[in-house]
Every structure is written in structure tokens, then in C-alpha cells.
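Protein sequence lines, in the order shown, are assigned to chains L and U.
Residues 52 to 800, numbered by the working numbering, are exactly what the first sequence covers, in order.
Residues 49 to 107, numbered by the working numbering, are exactly what the second sequence covers, in order.
Do not rely on the hints blindly, as some may be mistaken.
As a list, the in silico DSBU-like pairs of lysine-lysine whose alpha-carbon atoms are at most 30 angstroms apart [said to hold, decoys possible]:
id: 1; chain 1: L; residue 1: Lys746; chain 2: U; residue 2: Lys70
id: 2; chain 1: L; residue 1: Lys96; chain 2: L; residue 2: Lys203
id: 3; chain 1: L; residue 1: Lys746; chain 2: U; residue 2: Lys76
id: 4; chain 1: L; residue 1: Lys497; chain 2: U; residue 2: Lys70
id: 5; chain 1: L; residue 1: Lys597; chain 2: U; residue 2: Lys70
It is worth saying that the hints were derived from the structure and are not from the lab.
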Amino acid sequence: MLRFALAGNPNSGKTTLFNSLTGSTAHVGNWPGVTVDKKEGVYKKCAEPIAIVDLPGIYSLSPYTQEEVIARNYILDEKPDCVINIIDATNLERNLYLTTQILEIDVPVILALNMMDAVEKRGDKIDASELEKRLGIPVVKISALKSTGLDKLMERAYETCKKPRVGKTVIEDSALKHLIGDVKIALEGQGVLNPTFHAVKLAELDELEVLMHKDTVNMVEAFKKTHKDEIFGDDFEALVADARYKYITKYFSPALKRKNEEKFTVTPSDKADKILTHKIWGIPIFLVVLFAIFHLTFSENLFFLGGLLPEGWVSFEGTAFEGVFGVEGINSPGVMLMGVMEVITTALSEVVSGWLSTSPEWVSGLICDGVLGGIFAILGFLPQILVLFLFFSILEDSGYMARIAFILDRALRKFGLSGRAFLPMIMGFGCSVPAMINTRTLADEKEKLATVRVIPFFSCGAKLPILTAVAGAIVMHFGVGNVDVITYGMYIVGIITALVAVILMRETTLKGDTPPFIMELPAYHAPQFKNLIMLLWDKAKHFIQKAFTIILASTIVIWVISHFDFGWNYLTDDKMQESILGGLGRLIQPLFTPLGFGSQLKAVGWVFAVAAISGLIAKENVVSTLGTLAACLISGAIIDVEADGGVGAVAIMIRETGITLPALLAFIAFNMTTIPCFAAVAAAKGEMPNKSAFKWTILFWIVTSYIVSSAVYLIGTAWWTAFIYVAVAVLVGAMIKLYNKKRSNKEKN
Amino acid sequence: MQPIEIIVIIACVVIVAGVIVKSIIDKKKGKTSCGCDCSKCSGCSSCKVRTNKEDTNKL
Chain L
52 MLRFALAGNP NSGKTTLFNS LTGSTAHVGN WPGVTVDKKE GVYKKCAEPI AIVDLPGIYS
112 LSPYTQEEVI ARNYILDEKP DCVINIIDAT NLERNLYLTT QILEIDVPVI LALNMMDAVE
172 KRGDKIDASE LEKRLGIPVV KISALKSTGL DKLMERAYET CKKPRVGKTV IEDSALKHLI
232 GDVKIALEGQ GVLNPTFHAV KLAELDELEV LMHKDTVNMV EAFKKTHKDE IFGDDFEALV
292 ADARYKYITK YFSPALKRKN EEKFTVTPSD KADKILTHKI WGIPIFLVVL FAIFHLTFSE
352 NLFFLGGLLP EGWVSFEGTA FEGVFGVEGI NSPGVMLMGV MEVITTALSE VVSGWLSTSP
412 EWVSGLICDG VLGGIFAILG FLPQILVLFL FFSILEDSGY MARIAFILDR ALRKFGLSGR
472 AFLPMIMGFG CSVPAMINTR TLADEKEKLA TVRVIPFFSC GAKLPILTAV AGAIVMHFGV
532 GNVDVITYGM YIVGIITALV AVILMRETTL KGDTPPFIME LPAYHAPQFK NLIMLLWDKA
592 KHFIQKAFTI ILASTIVIWV ISHFDFGWNY LTDDKMQESI LGGLGRLIQP LFTPLGFGSQ
652 LKAVGWVFAV AAISGLIAKE NVVSTLGTLA ACLISGAIID VEADGGVGAV AIMIRETGIT
712 LPALLAFIAF NMTTIPCFAA VAAAKGEMPN KSAFKWTILF WIVTSYIVSS AVYLIGTAWW
772 TAFIYVAVAV LVGAMIKLYN KKRSNKEKN
Chain U
49 MQPIEIIVII ACVVIVAGVI VKSIIDKKKG KTSCGCDCSK CSGCSSCKVR TNKEDTNKL
């Protein structure tokens, strides 16, 4: 099968083009660096099927980051039949820099001028035929977003791939011209493939080329001794880059006719950035936006109307609408949808329990309490997860997420972290696994390690049910706070923990310079409806798949070991204490005593310890375990609370165990900061430089979760202990500063 | 033992064993067990540790 590779700058629309050509639904985002690895799909509209390979976005073929290495290796070693160089036509000159490097490789190339709709909207014009003549390769205008020009692009790419092409360089007017020519001849003599590309790279003294061509590098070294440029000295890499840009400006730029050649125009994006990336207001605006998202997702008092509207202005109490709109009809969209879900799950539970009314007790117990109790406790939160991710996707697609990295770079730089590291952290709100993989875009190994370690503190979608269920139960049982405020607060606790941990690591074990952060801020644009729907569909599908596989299996195991003793005798619900789970739970319970949900709890207090441990398999298990065990407690007639989803399950456990409010907050904090699920642990392992770093990472998660959740519990129980924590933090900070100062003085001496 | 009891026992064993076996097979194939669909993930093939190491080794 023919193979065409998509190569281009970050955020030039490669993945959008890939999705349009192959019918795939790969994740796209309006910020540079979404794709960190190659991805394959098949285009079937040509005379023969063509494999399309989406390469990560790169600015050059120099191996500075892993994405550049992946893209470079693929084009050089895998020898695709054609390279489709997709460029952002709104930024023609900068994008053509990579083109000049690809042109040096002996591979058929076609140029796709993407985002032509945006160019035309601006009133600018690009003469594609003129550009084609000057570049010597086919040039096609397209809009990947609007799927225009794609058939023509593929037709011409198909024709192009049939004609072999020899690499050419644009370094013609440079002082290095003769050196490159000589090196090329030498490499050809050695039978090296792509001699033009390697010759230019060797002239630049590219570190990989120096290693690969040790014999030929002497030619460059000898030339270097005799040649000194007036501006760049002996920095040949800068000299080559300058030569490329000069060539682009001289020969290719005339193909672009701007509407306002001289006038500097302030775009709407620039205007918005003046406010959203403001030096002082940028971070507060971000926090307000984040709170608004949580409010619209979790609040049962939308826009805080509860305190403003006259009492009893409307009442759904006792009506069929109460579950959806709330008593006063001021539920947020997320809570309304959750209400609809609960109506459905309750109806299904009633139907199934009706069917099983004549079956043996253990069968109805296993299916109704065990399986349905556990799964429905989790599924009830699906609508809120989808609403939350809808808002996050809007932020990402609009281009605001990239701004957040920019704003935070300013704030975090002094603590040894660049804004680039914040992008994988933000991805962690979705799932820790791809977020950890995305850390490959970080060139600095120490910064990468610190980032991987703190990603689990950014609460992922699987942890959301824990936060919402416990927060909901706190409001239901203790009658304090709002679900949205508690959930938002716990997210902020996670973010602060991550930042403090990074600062500590960068000041101690992972000391190093903060790498420079250069990121192209994408223009704001309206989110694509199709993208949003695809993302929500994916999220819902995977959540349901997980609920009916891992969670289902876990609920069965939890129910079985909570209804059999070590002698394998069946136990009824009211004898759960004597079960295998009860025994194991009581064994590990003391470990959680400093965190407030250990031995101090009465009766079945071990359920919190068991739930926290079950979360290591998948974080959804925490709520499903509580759901399963709570359903058993109800049917055992130990308490008389009617459960409603995960919130009801936690509320039952609060009544049954006597757990306090600070201990519940500590329970959330523990689950947010402890060892993540198995999949995330495996992903972290893959990103670690060695086994030792991985072991330290596991220890780091355990210790951090212990410190954070015990702090939450102790400060919540006795507020004055906050001063002790502050004093200890100040002392530790001062000691580290002092030690670092002494050490740097020693090094200087 | 009633037929429904036998069916439920078999179903439970199949579900639990199936999930465990599938996760082992996925791990051997180098697939992630995060629950996300690899075809949608921006870094799917990176999860395959072997592929990643091959890429790096090519340097």
C-alpha cells in the first residue's frame, strides 16, 4: 500500500486534514503540540488505497524534541511514497522554513496551503502557480477544516508519488554553498541516501549527523577554522537558518499579496489577548472562568438565584420534575442531566428487582445490590462528566488553553517550570495517560520527570465521581456548602499541591535551569461543533465501556468477597463485618487513621479504606465500591436511607460510619493525590528514565497523598494546626534556600 | 441449585475472567489499559513502549 506522510508545523491543521482524509476522529486541539506521535489511517478515494501517516508537528528537522526525532526518522528511514507538507497559509514565510528542509530529502513532496479560507477572509492572496514554479513541487490550496480542495490535493499527491524526486537545497547564496557541495559529493561516494539533506545538516554540525558521519565531519571542522561570518561567527547552524529565511523572503514571499501591505492591523484575537493574557488579571480571569464551568456543571443553585428569588416562587416538590429541576427549579444544566440519568437508572433497578423477586436471595443481592448498585452509582455521573468536558473542550478549541500556558509561564518560571509543562497538566484533567505521554514535548528531562509526577494531581474524569459524590453527600448530610464550590475547591487543592510539589522538586532533587518557552499562540476561533460532539461521544463511549468491563468485574468481586467469609460460607448482608472484605478492610483501616477515615470510624468504617484501595485499579471503583456496599447495607435494613446514586451511597456511609466532614475532604484529597490507576502508573513507568526514578515516583505519590490529606483532616478538625503547617513549610523553604545558596557559593569558589 | 444460580455463577466467572484475560492480552500487545480508544488518542502509539524505544534507538 502507498504511504503518504503529513508533515508540517504544530497547529497547522495536520490532524484535521488526517481526520478529513481518513474519516478518523483523532483528537485535535487549538494549541501546538497536540499530536506527539505518528498515527495511521487509510484514504480510499484514490485509484488504490493509501495509508496516511499523521506526524507530530515540527518547526524543523533538527532533533531538539522527541516529536522532531519521530518525524525526521519517519521521513528519512521509513521512506514514505510522498510527503504532504501542510502549511498554515496565514503564516506562509515561517511555515516555509520547514519546507526548505523537507525539499532537501529525496522524496516526492507536495505542498498543501491550508487555512486558505482564513487567508481569503483577510483579503490576502497567494499565487499558488507562482509558488509551484519557484518551489518546483505541486502546490494545492485547501481548507482542512471546511474539507475544500482535499480531492485535488490527493489526486496531485498520487500523481507526484509516481515520479521520483532528488533533494534540492535553497542554500545557494550562502557562504557555505561550496562546503555543502563538497560534503554532498563525499557522502554520495560513501553511498549515503539523501546526501543533500545530510550534507546541509552536517554543515550545521547537527549532533546526530556528527555521530553518523564521523569521517566526513573533518571537512566541516577544517572549513570552520578558516571561515568566520561577520554576523554569526562560526555558528553554522545560524548561518544556514539565515540563508533559508533570506531565500524564502527573496523567492517565495512575492507569491503572497497582502491586502494591507504596510498597515499593522490589530486583530480581534489581539484585542481579546490584551484582557485575557493581562499581566495582573490573566490568572484571576482564568480562575473565574474555571469556577463558572464548575458552577454550570455541579450547582444546585444556578447563578446563586436561591438567595435572590422570593421563597416559594416556584416549587417542584413532590412533582415528577423535582428530580430533574430541583425543588426551586434552579439546578445547573449538569445537575438537570444527572437527574434525568437517575430517573432512568432508578426505573431500570425497579424493573430488574421485579424480575428477580422470586429468585434466591444471593442472586438478587448480587445483581441488584452488587452489580447495579455499583454501576449505577458511577453511571449517574456521566452527564456531569460530559458537561464538564464540553466546557473544557470549548476552552481548548477556542485557543484559550494555549493562553493559560502563556499566562502561567510568567508566574511559574521563577519556580523552575515553563508554561509548556502546564499543557500536559491541563490534559490531565481529561486522563492522566495521554497527559503523561504528552510530556514528551518537554525537552528538559528533569522538567519532564517533575511534570509526570504531578499530573495525577490534576483530577481526571475518573476521579470526578469521587469529588461529586462526596461533595454531594456533604451537602446532603451536613447541610453545608455547595457541591460546585467544594468540587472547585478540591480541584484547586490538587493544582496547588502540584505546584508546591514541582517547586520543591525543582529546588531540590530535580534542580536545573528552566528551559525557554516559545509557543505560537493560535488565533481564537469558534469551537467546531463536530469536534465537540465527537469528543463527547468518545468520552461517553469509553466511560460506558469501562463501566461494563473493569467496573462490572470489580463490583462482582467486591460483592462476592463481602458476602463470603474465609471459610467460604455465604453471609447475609447484615453479617458483612465477618466477610473476607471486612477482614481485609479492618487490617488496612489503621493506615488511614491519621487521615480521618481509619480506626476512628465505627461499624463498617473500613469501607472507606477498601474503596480507596479499589481505586488503584480504576478510580471509578471508589464510588462503585461504596455504591455496592451501601446497597447491601440498605437491603440488610441496617439503615433506612433511600439511596440516590453515588451521592446517596456516600450519604449512607456517612450515617453508618460516623465519618466527619474534615475526614471526607481528606478522603477526596487522598484519592486525588495518591497513586493513580494502574494504566496511569504504567504510562508513568514508560516515561521514566530508569527504574529508580519510577520507584521514587511511587513513593512520592504515597507520601504526598499522606501529607496533603492529613493536613486537610487536621486543619479541618482543629483550624489552628494550619499555623503549624505554615511554620513547617516556611522552615523547610528557608532551609532549602539556605542550602542551595551555600552550595552555589561553594561551586563558585 | 436452581438454573438461574448456575447461569449467574457462570456469567460472573466469564465476566471477571474475561476482563482479566483481555487486560493481559492487551498488555502483551503493548496496548494501554487506560480505557481510552487508541485510535482517537494523540499519543496512542507512544503507549507501546517498544515502539518508542525503537524510535529513540534509531538515533
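Hints, one by one, checked against the model:
1. Distance check on the hinted pair: L/Lys746 and U/Lys70 sit about 27 angstroms apart at the alpha-carbon level, within 30 angstroms; holds.
2. With a CA separation close to 11 angstroms, the supplied pair L/Lys96 and L/Lys203 stays within the 30 angstroms bound.
3. Straight-line distance between C-alpha atoms of L/Lys746 and U/Lys76 comes to about 22 angstroms, which keeps the hinted pair within the 30 angstroms bound.
4. Straight-line distance between C-alpha atoms of L/Lys497 and U/Lys70 comes to about 35 angstroms, which puts the hinted pair past the 30 angstroms bound.
5. Note on L/Lys597 and U/Lys70: the hinted pairing holds, with a Cα-Cα distance of about 13 angstroms set against a maximum of 30 angstroms.
Going down the numbered hints, you'll see the structure goes against just number 4.
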